[in-house]
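Visitor: These are the residues of each chain, in order.
Number of protein chains: 2
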Amino acid sequence: MSTISNYTFQELTLGQTATYSKTVETRDIELFATLSGDVNPIHLDPDFAANTPFERCIAHGMLSGAVISAAIAMQMPGPGSIYRRQSLRFHAPVFAGDTINVKLEIIGKKDQGRIVTLDCKAMNQHQKLVVSGSAEVMAPAEKMSLIRPQVSQT
Amino acid sequence: MSTISNYTFQELTLGQTATYSKTVETRDIELFATLSGDVNPIHLDPDFAANTPFERCIAHGMLSGAVISAAIAMQMPGPGSIYRRQSLRFHAPVFAGDTINVKLEIIGKKDQGRIVTLDCKAMNQHQKLVVSGSAEVMAPAEKMSLIRPQVSQT
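Chains A and B, in that order, are what the protein sequence lines are.
Here my numbering is used: the first residue of the first sequence is 1352, the next is one more, and so on.
Here my numbering is used: the first residue of the second sequence is 1352, the next is one more, and so on.
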């Protein structure tokens, strides 16, 4: 049975890194359109997208934000983290089939409130930076190892 | 047939506002877990969540970010916008069944690059601020009115 574990505030050190990857499929873009309500044809209609500078459907920018947030929640610090702030800068489009590789690095630690600051970089499979930013998280006080819940198939 | 239209850079004025609402259902939280990979039980397992300070499952913070991004893409400036930056500060949890009401306001305009800055506030149905931040967008040069694509049922 698969588990999800975390790093406590005490365990995290400046310069510590973690990675997380997600391949964005057309289905993910459709799910993002459904849950956000952003049904712009640039994301959903290949014929429309063919006549734009991108030439193909692009993923919603915030879908990469979602993947960065998952990196923080699943990898470092992981379960028990409380998300306080996130900045995102969108550099380049993500297309269906692209793999987003997130790299996180601890760049700040404040004992008061167990606050850690993370540098966040999302690169595609061609090592092109697609999104960068930083996150501020209240790190967990307690070690956790949780059973990974099953998500219903969509 | 429903359409989506936009505001061009020229049409946008300082102080202009727009609103966008989305009720977050359990299904949306499950879809977000699927597409991001963040399957933390605080979002998905009511028995687990009952033993946390929140007592109930909470939506992923970045799901509110997704709704803010949809407000920008669907309402103001709307189609043809290019997302450059977004900052988000998470103030309070969003629960399944909560309605997120986003208010956008134009707080900056730069002719160079057609850049507009938007103040972004997301409140729940009790007028409690859940997420705040600001966005930087390249506004469209051309007026558009697009047919709203159908999104497959999930």
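Each hint should be verified, as a subset may be incorrect.
[To be verified] Not the full set, but computed from the structure, chain B residues with beta-carbon under 10 Å of chain A:
1) I1419
2) P1430
3) F1441
4) G1459
5) Q1463
[To be verified] Sample of chain B residues at the chain A side, in silico, Cβ under 7 Å:
6) G1388
7) D1389
8) L1395
9) D1396
10) M1413
11) A1417
12) S1420
13) A1424
14) M1425
15) Q1426
16) R1435
17) R1436
These are computed hints drawn from the structure, not numbers from a lab.
For every residue, glycine included, the Cβ atom is placed at its ideal position computed from N, Cα and C.
Visitor: Hints first: check each against the structure and report whether it holds.
Guide: Each hint tested on the structure:
no.: 1; hint: I1419; result: holds (8 Å)
no.: 2; hint: P1430; result: holds (5 Å)
no.: 3; hint: F1441; result: holds (5 Å)
no.: 4; hint: G1459; result: violated (16 Å)
no.: 5; hint: Q1463; result: violated (18 Å)
no.: 6; hint: G1388; result: holds (5 Å)
no.: 7; hint: D1389; result: holds (4 Å)
no.: 8; hint: L1395; result: holds (5 Å)
no.: 9; hint: D1396; result: holds (5 Å)
no.: 10; hint: M1413; result: holds (4 Å)
no.: 11; hint: A1417; result: holds (4 Å)
no.: 12; hint: S1420; result: holds (4 Å)
no.: 13; hint: A1424; result: holds (5 Å)
no.: 14; hint: M1425; result: holds (6 Å)
no.: 15; hint: Q1426; result: violated (10 Å)
no.: 16; hint: R1435; result: holds (6 Å)
no.: 17; hint: R1436; result: holds (5 Å)
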